[in-house]
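If you want the building blocks of each chain, they are given just below.
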Amino acid sequence: MSEAAPHLVVRGVSKRYGPTTVLDHIDLTIRRGELVTLLGPSGCGKTTLLRAIAGLAQPDAGKVELAGRDITNVPPHKRNVSVVFQSYALFPHLTVAGNVAFGLKVRGAAKREIDAAVERALSLVKLGHLAGRRISALSGGQQQRVALARAIAVEPDVLLFDEALSALDRKLREEMQVELRRLLQDVKATAIFVTHDQDEALTMSDRVAVMNKGRIEQLAEPRELYLRPASLFALNFVGLSTRIAGTVLAASNGKVDVETKVGRLSALGNFQTGSSVIVAARPEQLRISEQGDANSAAGRVRSVVFQGSRTLVEVDAGAGESLLAELSGRDGAIPRVHDEIRLSWPVTETFAFPMEAQA
Amino acid sequence: MTRAAIIVCWVMAIGLALFLIIPLLVIAAASFSPTPVFDLPLTGASTRWYGRISRLDGFWPSLLLSLQIALFSTAISLVCGTLAAIAIARGKLPGAGVFATALVSPLMMPGLVLGIALLQGFRAVGFAAPWATLLVAHLVITLPYVARTMIAGLARFDFTLIEAARTLGCTYPGGVLRVMVPALAPSFLIAGIFSFLASFDNYPVSIFLADVRTKTLPIRMLQYIEEAPDPTLAALSTLILAGTVILLFVSDRVVGLHRMAGTSD
Amino acid sequence: MTEAALPAPVTAPAVDRERLAAIGFVLPSFVIIAGVFALPLVLLLGVSIVDANGLTFAHYKRLLGTPYYLGVIWNSLRLGLLTTLIAFLISYPAAFALARARGPLRSVLLATLFLPLAASVIVKAFAWTILLRSDGIVNETLMALGIIEDPIRMIFTETALIVGAVNIFLPFMILPIYAIVAQLDPRYAEAAATLGASPVGTFFRVILPLTLPGIIAGVALVFSLSVSAYVVPTLLIGEKYPTLATTIAKAYLLAREPGFGAAAGVVLLGIAIAIVALSARLSREPK
Chain U
1 MSEAAPHLVV RGVSKRYGPT TVLDHIDLTI RRGELVTLLG PSGCGKTTLL RAIAGLAQPD
61 AGKVELAGRD ITNVPPHKRN VSVVFQSYAL FPHLTVAGNV AFGLKVRGAA KREIDAAVER
121 ALSLVKLGHL AGRRISALSG GQQQRVALAR AIAVEPDVLL FDEALSALDR KLREEMQVEL
181 RRLLQDVKAT AIFVTHDQDE ALTMSDRVAV MNKGRIEQLA EPRELYLRPA SLFALNFVGL
241 STRIAGTVLA ASNGKVDVET KVGRLSALGN FQTGSSVIVA ARPEQLRISE QGDANSAAGR
301 VRSVVFQGSR TLVEVDAGAG ESLLAELSGR DGAIPRVHDE IRLSWPVTET FAFPMEAQA
Chain D
360 MTRAAIIVCW VMAIGLALFL IIPLLVIAAA SFSPTPVFDL PLTGASTRWY GRISRLDGFW
420 PSLLLSLQIA LFSTAISLVC GTLAAIAIAR GKLPGAGVFA TALVSPLMMP GLVLGIALLQ
480 GFRAVGFAAP WATLLVAHLV ITLPYVARTM IAGLARFDFT LIEAARTLGC TYPGGVLRVM
540 VPALAPSFLI AGIFSFLASF DNYPVSIFLA DVRTKTLPIR MLQYIEEAPD PTLAALSTLI
600 LAGTVILLFV SDRVVGLHRM AGTSD
Chain G
625 MTEAALPAPV TAPAVDRERL AAIGFVLPSF VIIAGVFALP LVLLLGVSIV DANGLTFAHY
685 KRLLGTPYYL GVIWNSLRLG LLTTLIAFLI SYPAAFALAR ARGPLRSVLL ATLFLPLAAS
745 VIVKAFAWTI LLRSDGIVNE TLMALGIIED PIRMIFTETA LIVGAVNIFL PFMILPIYAI
805 VAQLDPRYAE AAATLGASPV GTFFRVILPL TLPGIIAGVA LVFSLSVSAY VVPTLLIGEK
865 YPTLATTIAK AYLLAREPGF GAAAGVVLLG IAIAIVALSA RLSREPK
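Residue numbers (the working numbering), protein chains in the order written: chain U, 1 to 359; chain D, 360 to 624; chain G, 625 to 911.
This is chain U alone, in the form it adopts within the complex:
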């Protein structure tokens, strides 16, 4: 039971800075050993939430519980929650070993214990050979690993990553994502990751919390988030999509018929007749074909972007609407710019969302 028991619980946490509500009644439960990513654009509150969990920011309302203990009013140095910062915040006046040993020294551990822990942590991040180096002599990637080793060495209850990979260049970043995942699983640590990079979130996480304007819009496994986005925002933030505006003509059994500028489309959703909705589908669902029962629309190809294993085709469907399809070339030749084509996609993979003022 201990593996699946909630480890970290955030209940109704709210925070305001002046007139702005930065966190709006956040509820979040994380299991021991899970890696949950907080994903969202700047200003959505993800960093504030992270800091509230670390104790670096005080919520105006709500509670934070760790392993059953209420830590809402506990200062950060008593929480055993480590943070890896975006800028690493490595102490320039200490060596690599000195940095990694810091948390243990502060706890008054014996020298032998400290040395062993430092060695362990550094070998986990593969930097054992740099123990005596000055921080200024390290590359960005090395500094990142030292920051990680420092956070792990104290064996925290929860590890928090505040955009920790943002400062790395792309290749290094992708390598670190994989390594970090593996390392966290080895150490069986509970971790929360904050990022605005959706690829990173999907790659690394057990679950992803998509945040927008201080609320969690959807908390789900990456696959679920991609295939079944709960809101227009989640749809837009993760992955590409075709989006067409329309009005609901008829609704029954969780399905709606929508009148749009490219014709009548059907989608999954529950709406009143006459509601304004956005009908959407993922690009890989669109195929060149004439399928009877499916949604379909036609238009002129505006652009064809070759991306290796897939090709993105953008189609101008008229009246300002466009379709985005991901074709693999297995269903026939990839169309060329200016070709007239018809695309179809299944109704079961079409979503309808309420039309918001700003999508």
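Calculated from the structure, these hints are not laboratory results. Computed from a prediction, not measured in an experiment: that's the story for all the values here. Please note that the accuracy of each hint is not assured.
As the list claims (entries may be wrong) - Distance condition first, Cα-Cα at most 25 angstroms in a straight line; then the derived SDA-like pairs of lysine to any residue:
{"#": "1", "chain 1": "U", "residue 1": "Lys105", "chain 2": "G", "residue 2": "Lys874"}
{"#": "2", "chain 1": "U", "residue 1": "Lys105", "chain 2": "U", "residue 2": "Ala137"}
{"#": "3", "chain 1": "G", "residue 1": "Lys864", "chain 2": "D", "residue 2": "Ala587"}
{"#": "4", "chain 1": "U", "residue 1": "Lys78", "chain 2": "D", "residue 2": "Ile366"}
{"#": "5", "chain 1": "G", "residue 1": "Lys864", "chain 2": "D", "residue 2": "Ile584"}
{"#": "6", "chain 1": "U", "residue 1": "Lys78", "chain 2": "G", "residue 2": "Phe828"}
{"#": "7", "chain 1": "G", "residue 1": "Lys874", "chain 2": "D", "residue 2": "Val495"}
{"#": "8", "chain 1": "U", "residue 1": "Lys78", "chain 2": "G", "residue 2": "Gly670"}
{"#": "9", "chain 1": "U", "residue 1": "Lys105", "chain 2": "G", "residue 2": "Arg686"}
{"#": "10", "chain 1": "G", "residue 1": "Lys874", "chain 2": "D", "residue 2": "Ala569"}
{"#": "11", "chain 1": "U", "residue 1": "Lys63", "chain 2": "U", "residue 2": "Glu34"}
{"#": "12", "chain 1": "D", "residue 1": "Lys451", "chain 2": "G", "residue 2": "Tyr812"}
{"#": "13", "chain 1": "U", "residue 1": "Lys78", "chain 2": "G", "residue 2": "Leu808"}
{"#": "14", "chain 1": "G", "residue 1": "Lys874", "chain 2": "D", "residue 2": "Ile366"}
{"#": "15", "chain 1": "G", "residue 1": "Lys874", "chain 2": "G", "residue 2": "Gly894"}
{"#": "16", "chain 1": "G", "residue 1": "Lys864", "chain 2": "G", "residue 2": "Gly670"}
{"#": "17", "chain 1": "G", "residue 1": "Lys864", "chain 2": "G", "residue 2": "Ile761"}
{"#": "18", "chain 1": "U", "residue 1": "Lys105", "chain 2": "G", "residue 2": "Ser822"}
{"#": "19", "chain 1": "G", "residue 1": "Lys874", "chain 2": "G", "residue 2": "Arg686"}
{"#": "20", "chain 1": "G", "residue 1": "Lys864", "chain 2": "D", "residue 2": "Ile366"}
{"#": "21", "chain 1": "G", "residue 1": "Lys874", "chain 2": "G", "residue 2": "Leu651"}
{"#": "22", "chain 1": "U", "residue 1": "Lys78", "chain 2": "G", "residue 2": "Leu834"}
{"#": "23", "chain 1": "U", "residue 1": "Lys78", "chain 2": "G", "residue 2": "Glu814"}
{"#": "24", "chain 1": "U", "residue 1": "Lys63", "chain 2": "G", "residue 2": "Glu814"}
{"#": "25", "chain 1": "G", "residue 1": "Lys864", "chain 2": "D", "residue 2": "Glu586"}
{"#": "26", "chain 1": "U", "residue 1": "Lys255", "chain 2": "U", "residue 2": "Leu268"}
{"#": "27", "chain 1": "G", "residue 1": "Lys874", "chain 2": "D", "residue 2": "Met467"}
{"#": "28", "chain 1": "U", "residue 1": "Lys63", "chain 2": "G", "residue 2": "Ser822"}
{"#": "29", "chain 1": "U", "residue 1": "Lys111", "chain 2": "G", "residue 2": "Tyr812"}
{"#": "30", "chain 1": "G", "residue 1": "Lys874", "chain 2": "G", "residue 2": "Gly670"}
{"#": "31", "chain 1": "G", "residue 1": "Lys864", "chain 2": "D", "residue 2": "Tyr583"}
{"#": "32", "chain 1": "U", "residue 1": "Lys105", "chain 2": "G", "residue 2": "Leu808"}
{"#": "33", "chain 1": "U", "residue 1": "Lys63", "chain 2": "D", "residue 2": "Met360"}
Let chain U serve as the given structure and place chains D and G on it in line with the hints.
Positioned in the frame of chain U, the structure of chains D and G alone reads:
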């Protein structure tokens, strides 16, 4: 920081500010004293001491002298110091670090010692003209301020900006004029102000190079204080302070006092 | 088509030209520093070991051998130590508050630092003579508050000297410290806290070491200035507290003893150089 620590820090900061301001306020208040004795708190106010400033023995010549020396030495130092700072910052100078340290070193040396050393030195080479000796001595006083400020300012200057200007059509001197001069203008102003004040207020060096007829204003003032202190001196000091306030105000508008604090360490 | 030898690469002469220009730029300043600063100091050293009869160490023997002058040197050092210590204790916490200040408050506080810097030492010392007189504001206030009955004799005491010296040299302590503290990344303290350091632990393990360069700079500067102060002791305590600085001034301006004055100057210079060297050494310690 804990709440208690923050309170202590603020108490210290406010206390420090008051402690530093109080003597200046006292001087200003004393300058309006109705009686020749410094009667504080003031029982009345009189501006007659301000009128008496011009009648202080030897006042005008010493004021003129101090202004001239300060202006000329600052001007010369600004030119020499800025050129040196450019050479040091560019990185093409062998031993740039050594030069930089040497240029700034007089700031840490006791002015008094420099004063007597110059007295000996000028005597040894037969250089005796008081105005000229003062000017040369004040070059050593002002140059380090310029060097320190301009080196710091130039260290932050990105020389590739000039290259960018050249790719957009400027000549090299044109690039310098259009790009570097505006970027360095604030540092230049700060350097000028610090140098001017350092020279104008200087006592320990000037005292050894002055003679009976050539006295800078600080020398005269110390003389007045030791011989016959009266509120006229307070009035004079207040005027000097007022001038400094204006200078500081201008600096804050142009550069910002916060930046000056960062550069002047 | 005659393909003559390719033109010689233009790079080498251009680099030399730039180097020459750099040296040319530095030359005037170098001449000033070497000729009007370094040389006279060397000459001073020479003058200090000469008297009417030729080479001699008599001046140094007198300066470092007689109890009176040893006391004078000790006075200078004591003035330096006390001023520096008090100035530091006030400035260090104040710098943190100043670094947190924003907007108009910050401008006002910074102005209170810069304004005295721009006023002459003479003006400020004069102000203290007015403040500390028997009928001055301090005495009047204390009597009005009922703390004392009769005016205390404050001027021409060591207390007056230290108060005045601290007042005058305080900006030189706080500005270097402030410059460092203002740039201190708050993430360091946050990182230390998340790693388990209490606020006290964070201060001693992280904040203090990281602000050390500013502390060293401020301490070195204030010590150097206060050890060699002349105007402040002269106006606030006078003959009762002879220092190296007043000894030098007397030797040159009154007693006409240039050799002895030079020796005192060299000792003072030696102290200043020692401070600079020590602070440079401490600053270079691996951080």
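For each hint, the structure was consulted:
no.	hint	verdict
1	Lys105(U) / Lys874(G)	violated (57 angstroms)
2	Lys105(U) / Ala137(U)	holds (23 angstroms)
3	Lys864(G) / Ala587(D)	holds (21 angstroms)
4	Lys78(U) / Ile366(D)	holds (23 angstroms)
5	Lys864(G) / Ile584(D)	holds (19 angstroms)
6	Lys78(U) / Phe828(G)	holds (18 angstroms)
7	Lys874(G) / Val495(D)	holds (24 angstroms)
8	Lys78(U) / Gly670(G)	violated (65 angstroms)
9	Lys105(U) / Arg686(G)	violated (54 angstroms)
10	Lys874(G) / Ala569(D)	holds (15 angstroms)
11	Lys63(U) / Glu34(U)	holds (20 angstroms)
12	Lys451(D) / Tyr812(G)	violated (36 angstroms)
13	Lys78(U) / Leu808(G)	holds (24 angstroms)
14	Lys874(G) / Ile366(D)	violated (47 angstroms)
15	Lys874(G) / Gly894(G)	holds (20 angstroms)
16	Lys864(G) / Gly670(G)	violated (31 angstroms)
17	Lys864(G) / Ile761(G)	holds (24 angstroms)
18	Lys105(U) / Ser822(G)	holds (12 angstroms)
19	Lys874(G) / Arg686(G)	holds (15 angstroms)
20	Lys864(G) / Ile366(D)	violated (39 angstroms)
21	Lys874(G) / Leu651(G)	violated (37 angstroms)
22	Lys78(U) / Leu834(G)	holds (23 angstroms)
23	Lys78(U) / Glu814(G)	holds (13 angstroms)
24	Lys63(U) / Glu814(G)	holds (21 angstroms)
25	Lys864(G) / Glu586(D)	holds (19 angstroms)
26	Lys255(U) / Leu268(U)	holds (5 angstroms)
27	Lys874(G) / Met467(D)	holds (23 angstroms)
28	Lys63(U) / Ser822(G)	holds (23 angstroms)
29	Lys111(U) / Tyr812(G)	holds (24 angstroms)
30	Lys874(G) / Gly670(G)	holds (20 angstroms)
31	Lys864(G) / Tyr583(D)	holds (21 angstroms)
32	Lys105(U) / Leu808(G)	holds (23 angstroms)
33	Lys63(U) / Met360(D)	holds (23 angstroms)
The structure shown violates the earlier hints numbered 1, 8, 9, 12, 14, 16, 20 and 21.
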